[in-house]
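Participant: Spelled out, the chains give:
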Amino acid sequence: AQSVTQLDSHVSVSEGTPVLLRCNYSSSYSPSLFWYVQHPNKGLQLLLKYTSAATLVKGINGFEAEFKKSETSFHLTKPSAHMSDAAEYFCVVSPPSQGGKLIFGQGTELSVKP
Amino acid sequence: DTAVSQTPKYLVTQMGNDKSIKCEQNLGHDTMYWYKQDSKKFLKIMFSYNNKELIINETVPNRFSPKSPDKAHLNLHINSLELGDSAVYFCASSQVAGDPTGELFFGEGSRLTVL
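Residue numbers (the numbering used here), protein chains in the order written: chain A, 177 to 290; chain B, 41 to 155.
Source of the hints: derived by calculation from the structure; they are not laboratory data.
Ideal Cβ positions, reconstructed from N, Cα and C, are used throughout, including at glycine.
It is possible that part of the hints are untrue.
So, partial list: chain B residues that the calculated Cβ filter (under 10 Å) puts toward chain A [claimed, not checked]:
id	residue
1	Y73
2	K81
3	F82
4	L83
5	I95
6	C131
7	S134
8	T141
Isolated chain B (complex conformation) (with noise of 0.2 Å):
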């Protein structure tokens, strides 16, 4: 069983469009994730959700909505996509939220290309 489920791993679109990628968990895990890798590999946090609730939202155009319906499954919502947004979206769990000692767990990533 797949502990970090995300879809789709693969998606492709034209700017301007809307576009949603899910995540989902079954670790049990409190606290999720949403991480952005570019191009060059770089990857850096977008937001954090723990129980539902959002505690980590790092300077993301308003355009990116990540809801939690639940506190297994993260989406994340972009709208009027622009070139830039082209990157590999990452969602990850933790066990224990703000614990700096914690491990993540990643899912396989979800690739999007705008053209």
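Looking at chain A on its own, in the form it has when it is part of the complex (with noise of 0.2 Å):
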């Protein structure tokens, strides 16, 4: 079965200062990996998604994730966090063969300190 772990429930940061998202998935396929963003009182927007060409992927508004597989890792990083990046982070695996059905992680929500 396919699962993904979201290492923290909560995850806070100062602005200007890097951000780390952590995620572990389990998949007994190579997955398509998906980091999904929710802004308070609204739906969910794809950041960015890895599908088995190049393991760095960058996403929207300078966030980008790195697959490990020997890790089994997809942990989500920005090099300088904005007030606008407070919000609830998803990651997110796609299993094949399931009719497109994501399968989604606990979430985890990031602050932002001025």
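Hey, can you piece these two chains together into the complex? The hints should help.
Facilitator: The following block contains the structure:
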């Protein structure tokens, strides 16, 4: 079975400092992995995705993630946090042959202090 | 123009009532979904339709009945509402059915509160 585990339920950083949101996945197959962001009272928006091409994936708003098969990790990073980055972040795996179903991690709430 | 729109955004109702949430997408996508987000923000798929045909039905009580009159619309009807149905329900769409690499486009959610 495929699953994702987000290692931190809440991360707090100061504006201008780096962001690291951790995600480990479990998959029997080569997975498709995503990071989605949810701002308060909004829907989810795709930040970036890994689909077995380059292992370092760049997304919107300066975020990137690195797929590390040996560590089964797909951590999300950003060099410098902005106040507008405060949101809930979801690591997601999409199993093959399951109709495009997404399996979500538990979410990490990112707070950004001035 | 909103790509995936849901109505209503907020819904407060009594236990035992029946309610519906509507969803429309103007992206020309073939596939639409309903996801449920609980109070701990955990998201889980409920249903998926491809061009009006049900393709995913995840162990959801049969009080929940999705209906897709055409590929741009996917409505969710809930009978005999229970306290545990309180959640935020998200509609989403994607371009190609069954594509595990495809992006989902989400609506802003419908917050259902059952009293």
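Participant: Taking the hints in turn, state whether each one holds.
Facilitator: Structure-based check of each hint:
The restraint placing B/Y73 at the interface with chain A holds, with a minimum CB-CB distance near 8 Å, inside the 10 Å limit. Contact between B/K81 and chain A, as hinted, is supported at the beta carbon level, the nearest pair being about 5 Å apart and thus within 10 Å. The criterion of a C-beta within 10 Å of any C-beta in chain A is met by B/F82, whose closest approach is roughly 6 Å, and the hint holds. Interface hint at B/L83: satisfied, since its Cβ lies 4 Å from the closest Cβ of chain A, which is below the 10 Å cut-off.
Checking B/I95 against chain A by beta carbon gives a least distance of about 5 Å; that is within 10 Å, so the hint holds. At about 9 Å, the closest approach between the beta carbon of B/C131 and any beta carbon in chain A falls short of 10 Å, and the interface hint on this residue holds. A cut of 10 Å between beta carbons decides the hint on B/S134: the least distance to chain A is about 6 Å, and the hint holds. For the restraint placing B/T141 at the interface with chain A, the shortest Cβ-Cβ distance is roughly 4 Å, inside the 10 Å limit, so the hint holds.
Figure legend: structure checked against the earlier numbered hints; every hint is met.
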